[in-house]
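Enquirer: The lines below spell out each chain.
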Amino acid sequence: MIEFSADYIAQLLDGEVQGDGATKISKLGKIDDAEPGAIAFLSNPKYEPAIYSTSASAVLVEKDFQPRQSIRTTLIRVDDPYSGFTALLEEYHKLTNHNKAGVEEPAFIHESATTGENLYRGAFSYVGANCQIGKGVKIYPQAYIGDGVTISDYTVIHSGVKIYAGTIIGSHCVIHAGAVIGSDGFGFAPQSDGSYKTIPQLGNVVIGHHVSIGANTTIDCATLGSTLIKDGVKLDNLIQIAHNAENVEKTEIAAQTGIYGSNKEGKNCVLAGQVGIVGHISVGDKVTIGAQAGVGKSIASNEILLGSPAFDIRKYKRAYAAFKNLPDLVRRINELEKKY
Amino acid sequence: MIEFSADYIAQLLDGEVQGDGATKISKLGKIDDAEPGAIAFLSNPKYEPAIYSTSASAVLVEKDFQPRQSIRTTLIRVDDPYSGFTALLEEYHKLTNHNKAGVEEPAFIHESATTGENLYRGAFSYVGANCQIGKGVKIYPQAYIGDGVTISDYTVIHSGVKIYAGTIIGSHCVIHAGAVIGSDGFGFAPQSDGSYKTIPQLGNVVIGHHVSIGANTTIDCATLGSTLIKDGVKLDNLIQIAHNAENVEKTEIAAQTGIYGSNKEGKNCVLAGQVGIVGHISVGDKVTIGAQAGVGKSIASNEILLGSPAFDIRKYKRAYAAFKNLPDLVRRINELEKKY
Amino acid sequence: MIEFSADYIAQLLDGEVQGDGATKISKLGKIDDAEPGAIAFLSNPKYEPAIYSTSASAVLVEKDFQPRQSIRTTLIRVDDPYSGFTALLEEYHKLTNHNKAGVEEPAFIHESATTGENLYRGAFSYVGANCQIGKGVKIYPQAYIGDGVTISDYTVIHSGVKIYAGTIIGSHCVIHAGAVIGSDGFGFAPQSDGSYKTIPQLGNVVIGHHVSIGANTTIDCATLGSTLIKDGVKLDNLIQIAHNAENVEKTEIAAQTGIYGSNKEGKNCVLAGQVGIVGHISVGDKVTIGAQAGVGKSIASNEILLGSPAFDIRKYKRAYAAFKNLPDLVRRINELEKKY
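Chains as they are written, first to last, in our numbering: chain A, 1 to 340; chain B, 341 to 680; chain C, 681 to 1020.
Since the hints were made in silico from the structure, they are not lab data.
One thing to keep in mind: the hints can contain errors.
Said to hold, decoys possible - For the chain A half of the interface with chain C, some residues (derived, Cβ under 7 angstroms), not all of them:
#, residue
1, Lys30
2, Ser183
3, Gly258
4, Ser262
5, Gly276
6, Gly279
7, Gly294
Said to hold, decoys possible - Some chain B residues well away from chain C (every beta-carbon gap over 10 angstroms; in silico):
#, residue
8, Glu356
9, Gln596
10, Tyr660
Stated by the list, open to error - With a straight-line cut-off of 25 angstroms between C-alpha atoms, the simulated DSS-like cross-links for lysine-lysine are:
#, chain 1, residue 1, chain 2, residue 2
11, A, Lys339, B, Lys657
12, B, Lys570, A, Lys30
13, A, Lys197, C, Lys1018
The C-beta atom is built at its ideal place from N, Cα and C for all residues, glycine as well.
Use the sequences and the hints to build the structure in full.
Expert: As structure tokens, then:
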């Protein structure tokens, strides 16, 4: 167990202790349900009442916080309690994140694969022929790295991730459990007898640096060329990215969204959950698409859209408000017609 | 093969045999496509014609069933044929469900993990450090149990399930293949340069007793504290539960629904398929949400909702009926305007 | 590396070389970003300008193509450049697709399982008791084949696929990574105390020939009898097929669509992405359902639908156009009312 004194934390955050500076802190908690030994923070005035009854051993508060009742817990006064707390979270995360390293047997690696130093390869993980794995990469148990895959430094591949042959992944990425990278794009040519002929999918997936991919998300390889997920893209769980899609930098996409084939998203977009984007269109920079929207045509930069098919969010909200009153509108028209 | 006589089944269900009581029954079937050796049931009068031609060796019928043609199959007259059949299903399931036990090598278990009796650990399954596994637990091949996970008695973890470190799972749960429990919540703080900084996700997932989780469903850990799935919750396949969500008791959620972060669902709710619920709201008890609905704000108990954004289902249906006739409404307004 | 001369390719495609017939071709590319050594094609006149600057070593063009500027690349004149390119793709695919065979240890196979010749069983794959595996089947690493499963000739099971006991799979199928076949249907009977009782799911999944199943797609077993996926069905990624659904021949379903329980789809249907279809209905032949549509009742053959609930696509589009102008419609009604 890792333990710090309130004094040490105050020093770390450039704050000031009021109360018992020797109090031992071993975990982080929320002000309204923290346990003894935890540190919490008070930022939103709404939670002020909780500070008088909290079980937390210490609470980060603003420099000028004035209690209105007696307080049992130790206070640490800082400039910004929320930022301070986030900094502690990160510190704690670094210290407690089990720094997995080495090889757990049995693990499979092809003799032609090359690996950097400080690698972790969990039990039952698989690394195919001609793979190039950088330094500090972690490959958790039961992950599959197909032939000819490149993974750059410090990327983490969680348990059960499946990476098809030929995929290229940058550095400092995190790919969560069960994600599938590089599966065949959905390409079938209809034949005259109504059956479908498979179109060979020969491309790959290329993922940039600092990309995060959620659990059970699927990213198809390109028919030819590459499906691109560029630097800093953050994908949530259960997302579908189809063949030849291109997701430009620093975009954030929420769960269960589907990006269909051969389209191109701009920089700094935000896509909410369960959005669908058809193939063969382009999306500009800084576009925001609301939850469950369906995008059927190209979008200019800076647009904010909602609806299926999607259009300007303010216009959508006004139209939807009128939609909710449609039966009343029908009644009014009936009455107008009666007047003739 | 397990075989029973029609007489034995009649005795089991407190029924009465008409025909050959010695007929051997070895499987269950549907009245319209059962094979010889099968038992079927007749409950819905719509299916009556099938009883005169069925190949089933026996059929459960109501006590007062009066055939209108000659019947070759053996009848077993019971109070409620459907309930009787369900009881047989369960009996059959218990008898035929291969009672897996023991360890198939190679399987990985850390020396610090503790396990109860009658455990099944399939080949290539992984149990990490400090895990506590109860008695009668079944861990199928290629399942991953991260460090410090607790699994209580008689829970079944199917093949390829991935459970991140620190997760707590109750007793008598069933987690289907490919589900991911405890992956990082989707938390990224936008920076001034447009990039995102990862917010450490330090919490865990806590699952109650008698919970069922569908194939390839994903449940994220909390940022801090726990994402809660309480007793008796039933989740279908491909569902997304985001960080810090709390699903209270006995709720049922259909496939492909997404529950976003930090919200709280009530007891005894029913969520249909492809529903989306935004973060930071609360849902009352006994709420029903229709398929593909989008819930954007808190919901009181007992509401029944549809639409995106969702509102009262009866009002939605009336508004949608008017929506389908909108072009006609426009035409009527055009005519009214012409009259001036 | 595989290399062909432009002359050889021209011969293969019954075409004619203009330029250097000895040029070595080792890969396929797109005309606007091909690298030296690649062959590309020009079919759409829109791309004509690219042919004057392309780095491709050769380009397939139409027989009567007349360049309007000087061209450095070698031309191969054929009847149909696109078809010719597709043929090359297939040829290339056959040559480069690593023909995996043999057993990578450790792999688990029960002594009672039978297997055909030319099998590939990857490391950490699992084949249960009484399985019957045909010839030329490929089982990639970490795939799970439960007890009593039948897989016919030349089917490919990608990494991490999970197939529950009793499933039957035809020949020439491809099942992509992470797909789950045969998990329990979502069946729970509500009890008087608000809790749910599990209804045993005793059926299986039966998959025909030439079926393609996408990554992380889930197909539940039937309660009784079989969930059927018939010959030539193509399923994209992250699709949910519930218990007792029946998908008839040659249907194509895009990503993230959900087919709920006990319904029956016709032949030659096309379902777009994120569609939801409720249980207990039937869908005719040659039906097309647009993206994000919700189908709540049975559909006759040849219909084309959109919306949630879905109706005729042309009517939907007209109604939606009027919906976008609803605020204006309200204003017009207000004015009409003022005139009285």
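Enquirer: Next step is simple, just say for each hint if it's right about the structure.
Expert: Hints, verified against the model:
A hinted interface residue such as Lys30(A) counts as satisfied when its beta carbon comes closer than 7 angstroms to some beta carbon of chain C; here the least separation is about 30 angstroms, so the hint is violated. A cut of 7 angstroms between beta carbons decides the hint on Ser183(A): the least distance to chain C is about 4 angstroms, and the hint holds. For Gly258(A), the suggested interface contact is upheld, since its CB lies about 5 angstroms from the closest CB of chain C, less than 7 angstroms. For Ser262(A), the interface hint is violated, since its Cβ never comes within 7 angstroms of a Cβ in chain C; the closest pair sits about 11 angstroms apart.
Hint status for Gly276(A) relative to chain C: holds, with the closest Cβ pair at about 5 angstroms, below 7 angstroms. Because the closest C-beta pair between Gly279(A) and chain C is about 10 angstroms apart, greater than 7 angstroms, the hint is violated. The interface hint given for Gly294(A) holds, since its Cβ lies 5 angstroms from the closest Cβ of chain C, which is under the 7 angstroms cut-off. With a cut of 10 angstroms on Cβ distances, Glu356(B) stays outside the contact zone with chain C, its closest approach being about 24 angstroms.
At roughly 5 angstroms, the least C-beta separation between Gln596(B) and chain C is not larger than 10 angstroms, which violates its mark as non-interface. Not every Cβ of chain C is farther than 10 angstroms from the Cβ of Tyr660(B); the closest lies at roughly 7 angstroms, contradicting the non-interface assignment. Taking the CA atoms of Lys339(A) and Lys657(B), the gap is near 28 angstroms; set against the 25 angstroms cutoff, the hint is violated. Of the supplied pair hints, the one linking Lys570(B) and Lys30(A) holds, its CA atoms being roughly 20 angstroms apart against a limit of 25 angstroms.
Between the alpha carbons of Lys197(A) and Lys1018(C) the distance comes to roughly 63 angstroms, so the proposed pair goes past 25 angstroms and is violated.
In this structure, the earlier hints numbered 1, 4, 6, 9, 10, 11, 13 are contradicted, and the remaining ones agree with it.
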